[in-house]
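Assemble the complex: chain X is given as a structure, and chain B must be docked to it using the hints.
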Amino acid sequence: RKEVEQDPGPFNVPEGATVAFNCTYSNSASQSFFWYRQDCRKEPKLLMSVYSSGNEDGRFTAQLNRASQYISLLIRDSKLSDSATYLCVGSFGGGSNYKLTFGKGTLLTVNP
Amino acid sequence: NAGVTQTPKFRVLKTGQSMTLLCAQDMNHEYMYWYRQDPGMGLRLIHYSVGEGTTAKGEVPDGYNVSRLKKQNFLLGLESAAPSQTSVYFCASSSQGGTGELFFGEGSRLTVL
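Here the protein sequences come in this chain order: X and B.
Here our numbering = 1-based position in the first sequence + 2.
Here our numbering = 1-based position in the second sequence + 1.
So that you can see chain X by itself, here it is in the shape it has in the complex (with noise of 0.2 Å):
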């Protein structure tokens, strides 16, 4: 079972709507969380990452269970420019060997 596992997706919705990607997490040991973007044929860039307590940045909002294992992803008002993959990213490890473990990405497309 892979560490990290993401909604498959593709979420295909219109603008202005709402909507939430979950992730599930294997290793209850892991320390920390993120979601990257990654745009088509582009390198995936950090979007931002997520706090037990839950933080916001604008429209997004990323939330932390660690009693259940799972972190998500809510996009509010959702623009044209939201289309990309969303991977779920998990640190795993400790001392000098924290690995970054990534979901397999889910899809996103917003339409007109």
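It should be emphasised that the hints constitute simulated quantities derived from the structure, not laboratory data.
Note that this is a predicted model, so its numbers are computed, not measured.
Treat the hints with care, since some could be wrong.
[As the list claims (entries may be wrong)] Within a straight-line C-alpha distance of at most 25 Å, the following computed SDA-like cross-link-like pairs (lysine to any residue) qualify:
{"id": "1", "chain 1": "B", "residue 1": "10", "chain 2": "X", "residue 2": "74"}
{"id": "2", "chain 1": "B", "residue 1": "72", "chain 2": "B", "residue 2": "25"}
{"id": "3", "chain 1": "X", "residue 1": "47", "chain 2": "B", "residue 2": "40"}
{"id": "4", "chain 1": "B", "residue 1": "58", "chain 2": "X", "residue 2": "68"}
{"id": "5", "chain 1": "X", "residue 1": "44", "chain 2": "B", "residue 2": "113"}
{"id": "6", "chain 1": "X", "residue 1": "44", "chain 2": "B", "residue 2": "8"}
{"id": "7", "chain 1": "X", "residue 1": "44", "chain 2": "X", "residue 2": "68"}
Frame of chain X, contents of chain B only:
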């Protein structure tokens, strides 16, 4: 601002040929990584380095070798390319091991015939 630079960006190889992908970063990062990305598989870690002169295996290391002779460079080598190594390769660097942001290069698209 260069950030992370990968060369070459595209390459076509024949089975059995060898090649080296070069990754260079100008952010003085300790940690560097090589990932491959395949359709339906997501990003998978090949090898990584926690500092100059160190390397370690990731999730899918077979068929690849790496070297980190200088802090700013991380080389990925394919000694005898196979069609299964057709992929998009991403190099990344970070200042912290598991809690810091990864900065990626633009990717190198490799096709092995």
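Proposed proximity, residue 113 of chain B with residue 44 of chain X (alpha carbon, max 25 Å): Cα-Cα ~21 Å, so holds.
Hint consistency between residue 72 of chain B and residue 25 of chain B [alpha-carbon to alpha-carbon, up to 25 Å]: holds (9 Å)
Holds or violated: residue 10 of chain B to residue 74 of chain X, with C-alpha atoms at most 25 Å apart: violated (33 Å)
Holds or violated: residue 44 of chain X to residue 68 of chain X, with C-alpha atoms at most 25 Å apart: Violated. Residue 44 of chain X to residue 68 of chain X sits at ~31 Å, over the 25 Å cutoff.
Agreement of residue 47 of chain X and residue 40 of chain B with the hint, judged by alpha carbon distance not exceeding 25 Å: holds (18 Å)
Proposed proximity, residue 8 of chain B with residue 44 of chain X (alpha carbon, max 25 Å): holds (15 Å)
Satisfaction of hint between residue 68 of chain X and residue 58 of chain B, Cα-Cα up to 25 Å: violated (28 Å)
The structure fails hints 1, 4, 7 (numbered hints given earlier, in ascending order).
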